[in-house]
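Student: The task is simple: from the sequences and hints, build the whole structure.
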Amino acid sequence: MHHHKALFKLGIATWLSKSMQESQFYNKIEELLEVCWKWVENHEVSADYLYSLLDDGTEFGGAFIYMQEDDSKYESRWNCIFEAGASIATLAYEFEGEKYIPALLEEIDSAQQEEFFSEQLENILGSKIQLLDDFKNYLLVDNEKNKEKILEKLSDMLD
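For the record, in the sequence shown the residue sitting at position 95 is 420 according to my numbering, with numbers rising by one throughout.
These are computed hints drawn from the structure, not numbers from a lab.
One should not assume that every hint holds.
[Claimed, not checked] Here are the simulated lysine-lysine pairs, BS3-like style, with alpha carbons at most 25 Å apart:
#1 Lys330 - Lys474
#2 Lys363 - Lys453
#3 Lys343 - Lys470
#4 Lys461 - Lys363
#5 Lys474 - Lys363
[As the list claims (entries may be wrong)] Derived CB-CB ranges, DEER-like:
#6 Gly451 - His368: 30 to 40 Å
#7 Lys461 - Asp381: 27 to 37 Å
#8 Asp484 - Ser443: 15 to 25 Å
#9 Ala428 - Lys474: 31 to 41 Å
#10 Glu423 - Lys363: 37 to 47 Å
#11 Phe385 - Leu456: 36 to 46 Å
#12 Tyr351 - Gly382: 20 to 30 Å
#13 Leu450 - His329: 16 to 26 Å
#14 Ser371 - Gln438: 18 to 28 Å
Even for Gly, the Cβ is constructed at its ideal location relative to N, Cα and C.
Tutor: Structural data, given as structure tokens:
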């Protein structure tokens, strides 16, 4: 998983989450995204903890369960948020030098997943999706990337 790809997904997911405040799981979405940003900024969160927010191993918790139980109007947004969380968790496992990566994460960096992420964004953004090429370029060039700057850039482009 490339760092800028994961950052791209996390930025988009965080921007999308603003439109999900009516979701019964909004606080869980916020928690997942905050923990992901914390990992991006200082690597202080373990890969296992990040993963537990995606799938806690039960049928009652974790983003994987919440996204299936939430209102269907949020489906594409949830898919993007889950994908972003999974991308950051994958980076965290790589950073920790783990040989074992949970099966759910193994598909994340595949071409099909990239295509799926793009399709979900197109469902949400329509023709505005073309603006995201500028955002990708911004992530590649600007070295001073932090959550606030990234969200400001996305808001300038998409709001």
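Student: Honestly, do serine 371 and glutamine 438 meet the 18 to 28 Å range at C-beta?
Tutor: 23 Å, holds
Student: Is the distance from the Cβ of tyrosine 351 to the Cβ of glycine 382 consistent with 20 to 30 Å?
Tutor: 23 Å, holds
Student: With a cut-off of 25 Å on the C-alpha distance, tell me whether lysine 343 and lysine 470 pass.
Tutor: 20 Å, holds
Student: At the C-beta level, are alanine 428 and lysine 474 separated by a distance inside 31 to 41 Å?
Tutor: 34 Å, holds
Student: Given the hint of 30 to 40 Å, is the C-beta distance from glycine 451 to histidine 368 inside that range or not?
Tutor: 36 Å, holds
Student: Check the following: the C-beta atoms of lysine 461 and aspartate 381 are separated by a distance inside 27 to 37 Å.
Tutor: The hint (27 to 37 Å, Cβ to Cβ) holds, given that lysine 461 and aspartate 381 are roughly 32 Å apart.
Student: Does the structure keep lysine 474 and lysine 363 at a Cα separation of 25 Å or less?
Tutor: 15 Å, holds
Student: Evaluate the given range 36 to 46 Å for the C-beta pair formed by phenylalanine 385 and leucine 456.
Tutor: Taking Cβ atoms as reference, phenylalanine 385 and leucine 456 lie about 38 Å apart, which means the hint holds.
Student: For the pair supplied as a hint, lysine 363 and lysine 453, confirm whether the alpha-carbon distance does not exceed 25 Å.
Tutor: 29 Å, violated
Student: Between the beta carbons of leucine 450 and histidine 329, is the distance compatible with 16 to 26 Å?
Tutor: 20 Å, holds
Student: Could you check the hint for me, namely that aspartate 484 and serine 443 are 15 to 25 Å apart, CB to CB?
Tutor: 21 Å, holds
Student: Given the hinted pair lysine 461 and lysine 363, is their Cα-Cα distance within 25 Å?
Tutor: 21 Å, holds
The earlier numbered hints that this structure contradicts are 2, 10.
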